[in-house]
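First to last, the protein sequences are chains A and B.
Per the numbering used here, the very first residue in the first sequence carries number 1; after that it's consecutive.
Per the numbering used here, the very first residue in the second sequence carries number 1; after that it's consecutive.
If you're looking for bench data, these hints aren't it; they were derived computationally from the structure.
From a predicted model like this one, the values you see are computed outputs, not experimental measurements.
Output of the computed footprint for chain B on chain A, the stretches with three or more beta carbons under 8 Å from beta carbons of chain B:
#	region
1	127-141
2	160-168
3	215-223
With a straight-line Cα cutoff of 30 Å, these simulated DSSO-like cross-link-like pairs (lysine-lysine) come out:
#	chain 1	residue 1	chain 2	residue 2
4	B	84	A	145
5	B	96	B	84
6	B	271	A	4
7	B	96	A	145
8	A	145	A	246
9	A	145	B	271
10	A	30	A	113
Across the chosen pairs, the derived CB separations fall in these ranges:
#	chain 1	residue 1	chain 2	residue 2	range
11	B	196	A	120	36 to 42 Å
12	A	52	B	44	53 to 59 Å
13	A	76	B	115	50 to 56 Å
14	A	226	B	29	23 to 29 Å
15	A	131	B	125	47 to 53 Å
16	A	131	B	162	41 to 47 Å
17	A	260	B	55	42 to 48 Å
18	A	18	B	273	30 to 36 Å
We treat Cβ as the ideally placed atom computed from N, Cα and C, and that holds for glycine.
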Amino acid sequence: MNQKTFFAFIGPSVLMMVIFIALPLATVLKQSFYVTQPVYQTLEVETCTPNFTGQVCVKEIKTIPTIGDNGKVITQTSFVGLVNYQNVLELPRVIKAFANNSWQQFISIDFWKALRFTLSFTLITLPLVLFFGLVIALCINNVAKSIRGPVIFVSLLPMIITPVIGALSIRWLFIGDGILTSFLEWWLVRDISMFAQAWTIELMMMFYRVWHVAPFAAIVFYAGLQTVNQDTVESAIIDGASRWQKLRYVILPHLMPLIVFVTLIHLMDAYRVFEEVVGFSSQAHVISLQWLTYDFLTSDLMGNRSIGRASASSMLTMIGIVLLLIPVLRGVWIDYKGKRL
Amino acid sequence: MKDINLIRQPIGLRLSSYFFLIFWCIVAAFPIFWITVISVKLPIDAFNSNPLNVIFGPETLSKGKGLSLIDITIGLSIIIFTAKLTTGWLGRMVNKYSPNGYLGFGWIIGAMAFGLSFIIIFFGIMPSVLSLLNDISGPLGNNILGFSTEHYSTVWFEKNFIKNFQNSIMVTTGVVTISLTFGTLAGYGLARSGSNLAFWILIIALIFRALPHSVLVTGYLPFFINSAEILRPIFGESAPTLYGMPWATVAVLVAINQPFTIWMLRSFFQKIPSELDEAARVDGCSHFQAFRRVIMPVMWPGVITTGLFSFLLAYNDFLVTSMLLEAQNTTMVPAIASMFNMETTTTDQVVAVAAAVSIVVPLFFLVLFFQRQIVSGLTAGAVKG
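Bound conformation, chain A alone (with noise of 0.2 Å):
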């Protein structure tokens, strides 16, 4: 295929990704160094009330946006530099909060308090994905081939539910009353409120993603499982591997790149935990870095969004998901030189 047909195929696709997403991060980082503003005029006012004996005046100043000709507030765009950068890091607040050595003040502070939880919970739910995942897969091969349809045809549902739908459905096993609350109450024989505190919250959203995730996991490996070269399996059975060494040697070095892949995709997702956030409705005491940028996005109840502070913590965001994924890219492209050579 030469260049000129190439491109007439990709073309489109490249365009496309170009305008619509190459383009919007540029604009990005440009909105990320500045501010828009309303322009505040100063007026004096003065407000009459009427009375018995006549009028009550009272003159005021007054700071009040400007109106345009067509009847909207007046915006003003100013180059701010860092400042957005600032506002979201707050970091005066986070150097008192380390001159005073407190963990607690400095978790306080919104940009640091969803990076804490984006990161933990990325790390915390890979492995997990990973060894449920592989789990079920390896339970899966192990039974009779007529019931892994129906298997695999539930293990799909949590998968492909609707984000959102399926942290609801989490939370309404627990909230209130609900169930699985009452039945650990019943259990524990004590009171038990999940939505009061912060880390029954973190624990149901990572049962959640892990549930969500598992099954993906749990497809993609038990697809390689079906490529073992069933040769070398039974050469290392007839050297006397045990079962865990079969699976130690012979397996999962088999099912590594797939390791990766299903590490890879997860990290990028985790990563961008926003849906929990919204169907636990924990944004008081959980919130991740999607949804602080989602939050500054969000108008106020002047119908005021700050763009500028959404954009810097859009960049911080960016940054730290290229910061994740350097490793496992590094080993790809390693893996693309190697092939070349």
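Please build the complex by placing chain B on the supplied structure of chain A, with the hints as guidance.
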């Protein structure tokens, strides 16, 4: 070889495999089963702390809303019969009657016709037939299971969920069609080119796939809100405000989906032997002719699978649609967020549950229809990496 494996498998290990799978299936299905159960109960039963009360719903029953043994038997048998039809018969019919090369459209039309006739039979004809049967069959016709559809009618008719449903259909159809059109071409081009450029495009696409969606939305939002003013020099007075328009979110979702689409389609095209199009080229076809005449007839399984995943992304999306559409005119998933956040009474909660179940039901049938395609899609991306 297999025999050695079977003989060596100790019975304890096999049994524990079965037990673990049973446990896993319960964990996987229970939350979904449970929201389905509580969505058909009156609030006082739905959030009862005794699970048996939730399942049988004595309060719902005492209001005269329930199902008899006959209802349950006939309803279940219709559902099971439908499930059997969808997994076997429907596929054969589609393969038999869809014109050559249009298998994709055949599936869409077949699935829609099938779904429609199911809805008409199940919700239109069944209730009246059953009430007649219940009247004449004495004790068997007595209600034993609390069952009330009032929350569903609240959701669909009072809360105007139909409009959200229409928006969802519009957005998902748009996203699937456009992203497949662009993605197929690009996927084919990338699969047949071994150049360095192709590799870099794929790597950049991979990085784009990792982008949190909120980053992109931050880029779009100011433009969408002010688009009427920004676009005025080009389109004149008719320049649209993109904010709040469902078709504008289609473009965003297609773009978000594009990296994933081209990766997946590329791996499907790599499985189609390149001798096929080379033969066509030898016979004098250009690349595009070869694509149209030789590749298009055999690419549908991969395209359908990729289409399924595009559908899921568009259908399940919350962030983009809730940010770029107005609260009164969203798709289904953001609409539900406003419902459960306002849950002041328990009735509101059950209404939200009913809305959630309404959203899940199409997905359930999707898995039923397309289980094989979904599994092959998951593994296709993985095997080629």
